[in-house]
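Undergrad: Chain residues, written in single-letter form:
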Amino acid sequence: MIHYFFLALLSFGVAMKKYVLKRVITAIFTLLAITLILFILMQLMPGSPFNDEKLNESQRAALYAKYGLDKPIVIQFFHYVINMFKGDLGVSYKISKNTPITQLIASRLPISIGVGFAAVSIGALIGLLLGLLAAFKRDTVWDTLATVISVIGVSVPSYVFALALSYQFGFKLDWFPMLFSAKDVLGSSVLPSVSLSMFTMASIARFTRAEMIEVLGSDYMLLAESKGLSGNKIVFAHALRNALIPIITVLAPLVVDLMTGSLVVEKIFSIPGVGSLLVNAIQSNDYNVVIALSFIYSAMYIGIMLVVDILYGVIDPRIRVAKEGD
Amino acid sequence: MKKKFLSIMLASALALSMIGCGSSAVSGVSEQKDTTAEETDSAQADNATTTDAGESSGEDLNVMLETPVESLDPQQATDGTSFEVIADYTDGLMQMDADGQAVNALAESIDVSEDGLTYTFHIREDANWSNGEPVTAADFVFAWQRAVDPEVASEYSYMLSDIGQIVNAQDIIDGAKDKSELGVTAVDDKTLEVKLNVPVSYFLSLMYFPTFYPVNQAFFESCADTYATSPETTLSNGAFVLDDYQPAATTIHLTKNPDYYDADRVKLPGLNYQVIQDSQQALMSYQSGDLDTTLVNGEQVDQVKDDPAFKAIGAGYLWYISPNIQEVKELQNVNIRYAITMALNREAITTDVLKDGSAPTYTAVPMDFAAGPDGSDFSADQEKFKEVCRYDADAAVEYWNKGLEELGVTELTITMIHDADDAPIKVAQVVKEQLETTLSGLTVELQQMPKKERVQRMQEGEFELGLTRWGPDYADPMTYLGMWVTNNSNNYGFWSNKDYDAIIAECTTGETAMDASARWSALYDAEQIVMDEAVIFPLYTQCNAELISTSVSGIEFHPVALNRVYKDASKN
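From first to last, the protein sequence lines are chains A and B. Each residue of the first sequence is one higher than the one before, starting from 818 at the first, in this note's numbering. Each residue of the second sequence is one higher than the one before, starting from 196 at the first, in this note's numbering.
Rather than coming from a laboratory, the hints here were simulated on the basis of the structure. It is possible that some hints are incorrect.
Unchecked claim - Within a straight-line C-alpha distance of at most 25 angstroms, the following computed SDA-like cross-link-like pairs (lysine to any residue) qualify:
1) B:Lys647 / A:Leu1128
2) A:Lys883 / B:Gln654
3) A:Lys903 / B:Thr421
4) B:Lys646 / B:Glu657
5) A:Lys835 / A:Leu1128
6) A:Lys883 / B:Lys390
7) B:Lys647 / A:Thr1077
8) B:Lys647 / B:Asn683
9) A:Lys871 / B:Ala566
10) B:Lys647 / B:Lys693
11) A:Lys871 / B:Phe752
12) B:Lys647 / A:Glu874
13) A:Lys871 / B:Pro645
14) B:Lys374 / A:Glu874
15) B:Lys524 / B:Gln412
16) B:Lys390 / B:Glu706
Work out the full structure, taking the sequences as your base and the hints as a guide.
TA: The following block contains the structure:
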């Protein structure tokens, strides 16, 4: 008996390693492909990063030469990738002239991640509670209310929440600062985090409700109840645990949605994060900044997806087997 | 029992989250739609009560910025925000007075040679950098050489070559000569000599432009590549000292410089900049007292226009429509062009649509930025070209019918490209409506696009009509008139006129350049040609709608170079 178990574990390890390796290699090539596509897209954007109106042809040529933009796109790409592996993402051409992008990002990424993490935490926690409430009080006024909130949260974009919350709780009630402040990071992160968390909260609530209802109606819950287990234990040890598995998987794409939402929300609250940086960079054709940030966003996306896939494989062996069969 | 506890807990969590999000969001949105005058009143009341609280944190002036600083390196910066902040802590040889005239700053006295080709600046003895080093002539030589150095590739190098006409500047930019051959020398520590190719009547007014600001070479080299990226890597010789900044920062802080030679004049203890890119947030921050001045967006003007703090500040930009004269057959017909320019009701555009104080303009050079030898504004007389540029629907129809007849058609469809920004979208729609109403048989199709794309299409001649704008680079009509010479990259219509080119050349490098008043009247002749041929259809001179708290006084606003100067500003 023990012998069999050991064998299974061993085979799991080898298969898992192979699976992870395959996924990591795919991820690296995907990222390279994304970078190349970004380079080509940048080239297609009208105008240059420089002050198009005020510069004549020869000045523009001089600037292109200075930054190596006069070279063929393929060469630029290889230069970029080689430098990237050395940890050099180039310099900004416009929004913060000649500043190394690694320096720009180093001070800003932690702020964005902080706000994003707060948003996911708030969203997941409240969403879970809402979903549970709706599931346990199914077909009551609580359920309807939870559904209404979920629908609003899913359908209203985060920047509308941002402006509305800022108006109500920043301007009218003066509970929280309207703008991000380095002196009061916690207080001034409340409104942006809450605005960003709405979509996550609503999605999690809907998902939790559906999963809980399914689990609560399943045979093993009936068995657990007939064993005479108490309400709490049934909810937490059996129902919630089983319902959580699919919820973890939706959390991943939600984190990614959060990153895109942060582009606008950061701009509204004047948060010195990477989102507002990306928006400004796109508007001024600041090639290197756009490529570097898009790369980071893509890497985060792919990374999160990878982690979730692997976790999911660990939690539920059926998935792993199916994927291996591909 | 436990189940009951759980449900109560959940219910209260739900209730809490509803207060926190759902309900407020709904009410917030509906109130937002009709932000009424009532709300502004209450906001003002709020403002009155919160200013006291603001004072406890000092008397710093809180200023809103629309965009972050792009560069604090004076030879690399090109945008108004960067220029403003650089000038807060750096003085040039000259600075602007309240009227935009050049007055001595670091220069104590100036000798100009009789032929107007040599300028000798004597630098103040008491001018020092914030590290204690004196400001010397060598600091200017170093900075100006950087400005034309092809390795630095400054975007504003043309300020020294085309515009400033400093000896050898162009050759150095082109790589034909070494930067040490630039026509600027440090005669001694405090004497700077500048040699020009031709007399430049507005040369002194260029000296307040940050591209010409000094840089201390030893300090610059000690910073290596990090110059002007933090308070530690900047030196001040001006009214304030930078003490909080990082690249692309959303907040910037400066403190009064006690060692400034003119420190007695500076009343503010400090300046606090806050970048806000959302107009609603900016207005609310102003109304809650967090800002002393803010820019007001076109849609908010109605809401605040009766506020005593509301002001229209001249921005210098001329908005105009450029017809593509070379490529579009119909627009080659001058009668069609007259018809269009006379069918435009500029008053209606500024008073009914923009409402921000922008002024209808009937000249090729906008108002209030260039004063002539006699001190009067170049474009003060807006009726100068009324024969060819005015609002006159009847005359427009007459020209229109004549033009159609000459073309042998009865209907015309013209597309107009414009920026996908707030003001241009609104202006383009009114222009379309005005033209189509007055000129029967005309259809104007609008195409909106990002500004970069619009500029590119106009530079490549891929347009019919283009709604565009131009901001003055220096206080002389040439910053506009220089655009319409043959083959200039901003001559979007590819218009070409030998007489015009001759006048402009004569005023730039010829005999006329030596005689200020003859040059002035020659520039009028050039403008007359542009208007007679309807090369552009001027629309309006832009103003920015701003709220400036009534407790603040003395901020100087300029349409050229330095948009705001705080040296004389105070806050009660």
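Undergrad: If a hint holds in the structure, say so; if it doesn't, say that too.
TA: Going down the list of hints, with the structure as the test:
1. Taking the CA atoms of lysine 647 (chain B) and leucine 1128 (chain A), the gap is about 45 angstroms. The hint is violated against a cut of 25 angstroms.
2. Pair hint lysine 883 (chain A) plus glutamine 654 (chain B) holds up; C-alpha atoms about 23 angstroms apart against a cutoff of 25 angstroms.
3. The suggested pairing of lysine 903 (chain A) with threonine 421 (chain B) holds, with an alpha-carbon distance near 20 angstroms, which does not exceed 25 angstroms.
4. The hinted pair formed by lysine 646 (chain B) and glutamate 657 (chain B) meets the criterion: a straight-line CA distance of about 14 angstroms does not exceed 25 angstroms.
5. With a C-alpha separation of about 15 angstroms, the suggested pairing of lysine 835 (chain A) with leucine 1128 (chain A) holds against the 25 angstroms cut-off.
6. Using a Cα cut-off of 25 angstroms, the hinted pair lysine 883 (chain A) and lysine 390 (chain B) is violated, with the two alpha carbons roughly 28 angstroms apart.
7. The hinted pair formed by lysine 647 (chain B) and threonine 1077 (chain A) meets the criterion: a straight-line CA distance of about 24 angstroms does not exceed 25 angstroms.
8. With a C-alpha separation of about 18 angstroms, the suggested pair lysine 647 (chain B) and asparagine 683 (chain B) falls inside the 25 angstroms cut-off, and the hint holds.
9. Between lysine 871 (chain A) and alanine 566 (chain B) the CA atoms are separated by roughly 23 angstroms; this keeps the pair inside 25 angstroms, and the hint holds.
10. Taken as a hint, the lysine 647 (chain B) and lysine 693 (chain B) pair is broken in the structure, with Cα atoms around 31 angstroms apart against an allowance of 25 angstroms.
11. Taking the CA atoms of lysine 871 (chain A) and phenylalanine 752 (chain B), the gap is near 23 angstroms; set against the 25 angstroms cutoff, the hint holds.
12. Distance check on the hinted pair: lysine 647 (chain B) and glutamate 874 (chain A) sit about 16 angstroms apart at the alpha-carbon level, within 25 angstroms; holds.
13. Taken as a hint, the lysine 871 (chain A) and proline 645 (chain B) pair is honoured in the structure, with Cα atoms around 17 angstroms apart against an allowance of 25 angstroms.
14. With a CA separation close to 21 angstroms, the supplied pair lysine 374 (chain B) and glutamate 874 (chain A) stays within the 25 angstroms bound.
15. For the hint pairing lysine 524 (chain B) with glutamine 412 (chain B), the CA-to-CA distance comes to about 56 angstroms; that exceeds 25 angstroms, so the pair is violated.
16. Proposed proximity of lysine 390 (chain B) and glutamate 706 (chain B) is supported: the alpha carbons are some 18 angstroms apart, at most 25 angstroms.
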